[in-house]
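Participant: Spelled out from the first residue to the last, the chains are:
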Amino acid sequence: MSALPNRTEPTPARPALTRTAPPRSAFPAMTPARWMVTGVLVALAAVIPLVMTNQYALSVMVTTLVLLVLNISWNFVLGVAGVWNFGQLAIYALGGYGAGIIMLHTSLSPWLAVLAGGVVAAFAAVLLAFPTLRLYGIYTSLLTFAFAEVIEYVIVNDGSGLTGGTFGLPIVKGLYASLSLAASARAYYWTVLAVVVVSTIVLAAVGHSRLGIALRGIRDAPAYAAARGVSPMRYRVIAFAVSGFLAGIAGGLYVSYNQSISPSAMGLTPMSIDVTMLVIGGLGTATGPIIGTVLLAIVQTALVSHPGAELTILGIFLLVVVVFVPDGLAGLAARYWRRVSTWAAEDDQSGEAAGQEVAGQEVAGQETGGQETAEPGAAAEIPEGSPDPNVA
Amino acid sequence: MAATDIVGIAVTTIILGSIYGLVAIGMTLIYGTLRILDMSQGSMVMVGSFVGWGILVVAGLNPVIAIAAAFVATFILGALTQLVSVQPLMKRRNAIDFEMVTFITTFAVAMILTNVALELLGPQQRNVTPVISGGVNIYHGVNLPYQSMAMAIVSITMMAGLGIFLARTRWGMAIRAVAQDLDAARLMGVPVGKLYPLTMGLASALAGVAGVFLGGLYFAYPQAGDLPLLEALIVVIFGGLGSLPGTVYAAYAIGLIQATAEVLVGTTWSLPILYGVILFVLIIRPYGLLGKPSEARL
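Chains H and C, in that order, give the protein sequences.
The first sequence begins at 0 in numbering that gives the first Met the number 0 and counts up one residue at a time.
The second sequence begins at 0 in numbering that gives the first Met the number 0 and counts up one residue at a time.
Worth flagging that the hints you see were computed from the coordinates, not collected in a lab.
Since the model is a prediction, treat every value here as computed from it, not as a measurement.
Glycine is no exception: its CB is placed at the ideal position from the N, C-alpha and C atoms.
Partial chain C-side listing against chain H, Cβ under 10 Å, derived: (1) 83; (2) 98; (3) 100; (4) 101; (5) 102; (6) 240; (7) 267; (8) 274; (9) 278.
Chain H extracted, bound-state conformation:
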């Protein structure tokens, strides 16, 4: 209670966790150096199943990667579009059930079933979007949260036998039914890794496209964006559809790999874990979901024998990160990286650099440097051509 809070209702501007210090290089431009680092990391990740012989570790990694696909999709609607959709797990589960039921009852190729799961989920997401997007702020999260709970409730209490109620679907074939257990685990690992890489790149590209700019504009300054002719409804429905489709694909991959899906895939506990992953990693950034998911998967695996302690620790993590590091670990890393680059730039230019970390507001020309614009209004206060350490 230090400062006197101003009681007037603030203009809705930026419903994301990163109000004070927005992550500026949320979707950084891909310089050759960055492409190389990314390539090396992907190659390293791809080699793991060849080196690793431990089946348990491999299965944990596949599960984590599936979760990562879900988190990337959620990050798009939550962080980039800024819609507080807490129904993503229900959409994911609908995709999974859709794919699983198609695999069970038809002889279609399982790949088509996974795609169909994505389409089912995208459809559900669009249906959810219309009433949700009429609401604002906290009402959005309430409605979507209630939507997720109701979907779970309906599946648990489903008496028709279509979903199998609490016990879930009977065993489905999955994508690699003909392979041996060890070989199929590897095949799944590479498949899901490919989905992760492709979706990260595609969504990062979308972040730089008209759609991404429109979405961030609507998130940061809805009234201004609407006044400039950017329809919040239209773009956000598109964001829901894109994110829903990817979540559905994640669900389809989940049902294929686990050969089943039950309501335990959704619900409050998995949602708590996923939210924690996203917030700890850094919402609205390209690397945040990856950092958060991988880090928490490691923590979870270490604590696997104490289910209660695990979530307690995650809860404490979440609390500490939200209070002390509001832009997540990706934001923290970016800030430190920026500080180091600023020092380097100062050395190079012998103190000419104005990059005194003016509350992280140095901004390159709008999108021209491929850099993301920081806070709305910040660009206006920055003298033209102030050096941005990130561009160099």
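Chain C: place on chain H using the hints.
Facilitator: Chain C only, in chain H's frame:
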């Protein structure tokens, strides 16, 4: 629809509405005063159930003591929740995302409470002795358990008590003053720093008392707060966040919808039907029954 159905619906409406109201009114009180949505409210119901179980079953004491103990325990826990998860963020309260950040921190508290309970007490469902056993046959076959009757009476008394507290007492008026105009309240010498934990403690205590009764109706277990939380969320959206009368009306309206759906189509579909009705209402009135449009909409 037979006459028994109508009597049954009426009785269920009053019971469900009272219990929803008791959990949801705390959320509304907190939202009105602090502008946060308290996701730990469900865990307070769970804690109340376990305190009820501890006093009634393990210690074998009087129900009045159980209710009082649940009130005190959840009051302290609620005040602590405010100090841990909301107070450190108060300096950011003008940011547009304040609601969302506190939504997440109180959610983290709920996560911690649920899982501490899971670790300490285990996942099994525990039977809480009903506060009062037995029942009375009020109309051809419509049985009214005394437990439900007591629940409705206590809930209504507590809601009325809250109303009187807010309208008549010094602290109650201070809470209302802060909800209306924080700066003016501060200038009039309202100790805002003490008021916030008090408000959240009070709201949590209401949920805790509801928990003692809900534990008797269902069970005490670590996830016992999830469903009450969902129902309270639906009630507060429906009633309009921050409006106490709206919350009370919404609680009974939702009790009525759910009771009717249960009698006509069965328990399985009562929640989805309820959700459908809420969706319909929100499409017409996106800020709930009595919510203020300016707060809810762009």
